[in-house]
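Trainee: Chain residues, written in single-letter form:
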Amino acid sequence: QLQLQESGPGLVKPSETLSLTCTVSGGSITSYSYYWGWIRQPPGKGLEWIGSIYYSAITYYNPSLKSRVTISIDTSKNQFSLQLTSVTAADTAIYYCARHKFNSGWYNFDYWGQGTLVTVSS
Amino acid sequence: DIQMTQSPSSVSASVGDRVTITCRASQDISTWLAWYQQKPGKAPKLLIYTASSLQSGVPSRFSGSGSGTDFTLTISSLQPEDFATYHCQQSNSFPLTFGGGTKVEIK
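The listed protein sequences derive, respectively, from chains R and B. Residue numbering for the first sequence follows this note's numbering, starting at 1 and increasing by one per position. Residue numbering for the second sequence follows this note's numbering, starting at 123 and increasing by one per position.
Just to be clear, a hint being listed does not mean it is correct.
[Said to hold, decoys possible] Which residues of chain R face chain B? A few of them, derived with a C-beta cut under 8 Å, are: (1) Leu47; (2) Tyr60; (3) Asn62; (4) Pro63; (5) Tyr96; (6) Ser104; (7) Gly105; (8) Asn108; (9) Phe109; (10) Trp112; (11) Gly113; (12) Gln114; (13) Gly115.
[Stated by the list, open to error] Calculated pairs, DSBU-like style, for lysine-lysine (alpha carbon to alpha carbon, straight line, at most 30 Å): (14) R:Lys77 to B:Lys167; (15) B:Lys229 to R:Lys45; (16) B:Lys164 to R:Lys77; (17) R:Lys101 to R:Lys45; (18) B:Lys229 to B:Lys164; (19) B:Lys229 to B:Lys161; (20) B:Lys161 to R:Lys101; (21) R:Lys13 to B:Lys164; (22) R:Lys66 to B:Lys167; (23) B:Lys164 to B:Lys225; (24) R:Lys66 to R:Lys101; (25) B:Lys225 to B:Lys167; (26) B:Lys167 to R:Lys101; (27) R:Lys101 to R:Lys77; (28) B:Lys167 to R:Lys45; (29) R:Lys13 to R:Lys45; (30) R:Lys45 to B:Lys161; (31) B:Lys229 to B:Lys167; (32) R:Lys101 to B:Lys225; (33) B:Lys164 to R:Lys66; (34) R:Lys77 to R:Lys13; (35) R:Lys45 to B:Lys225; (36) B:Lys164 to R:Lys45; (37) B:Lys225 to B:Lys161; (38) R:Lys66 to R:Lys13; (39) B:Lys164 to R:Lys101; (40) R:Lys45 to R:Lys66.
FYI, nobody ran anything at the bench for these hints, they're computed from the structure. Each residue gets a CB set at the ideal place from its N, CA and C atoms; glycine is no exception.
Working from the sequences, and respecting the hints, build out all of it.
Mentor: Have a look at this one:
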């Protein structure tokens with residue numbers, strides 16, 4: 001059974017960089033069939049897609065965050081990571097990692113991590 | 123970007139009720155739409171993909187319909203475990219976008 005697990009600091013200071021890692025177990029991150037993505041949810045609000053990465057390091061980002069986001073992949077560790085720079089209180093959210101298919105139209109998320117709350121505060 | 127608009131934002135219903143939630147896309151997305159259920163403190167769970175296909179293990183009281191810009195999620199007979207927030211998402215193209223969510227509450 002595929003499992004995804006987010007890890008990283010739960011508290012980040014304003015203007016600093018948020019860094020999270022998603023570890024995939026029970027399956028290979030190098031599968032040709034899937035993208036690996038990050039989604040966030042501010043407390044009490046809706047879901048926002050941050051970006052997705054393919055095993056070959058092809059990436060797509062949300063235009064609203066693109067200038068501050070980098071998603072990378074480490075196939076040797078079966079992990080992918082998120083970096084978000086210059087954070088503010090508006091970046092406080094639960095951050096989820098998840099998987100979706102490679103084929104256009106099939107970009108629905110079928111496996112999710114449990115989520116990790118990141119608070120931006122001094 | 124494709125904007126997704128859900129309505130209502132919340133609905134109060136009783137066990138056994140039929141509940142319908144609507145999602146509208148700002149442009150034609152064919153049937154490239156997914157629905158998720160999210161319970162408090164939990165990650166979203168995929169219910170329906172390609173507008174009407176039921177994800178494995180999801181009860182048949184859940185159904186989805188629609189194409190183009192207008193879509194519907196229906197719960198035919200609401201059960202206690204169905205009280206949750208439901209999100210739609212267009213799976214057609216990047217950037218991926220979600221609706222604002224619909225909270226199904228106990229009446």
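Trainee: So which of the earlier hints does this model not fit?
Mentor: Per hint list: zero violations.
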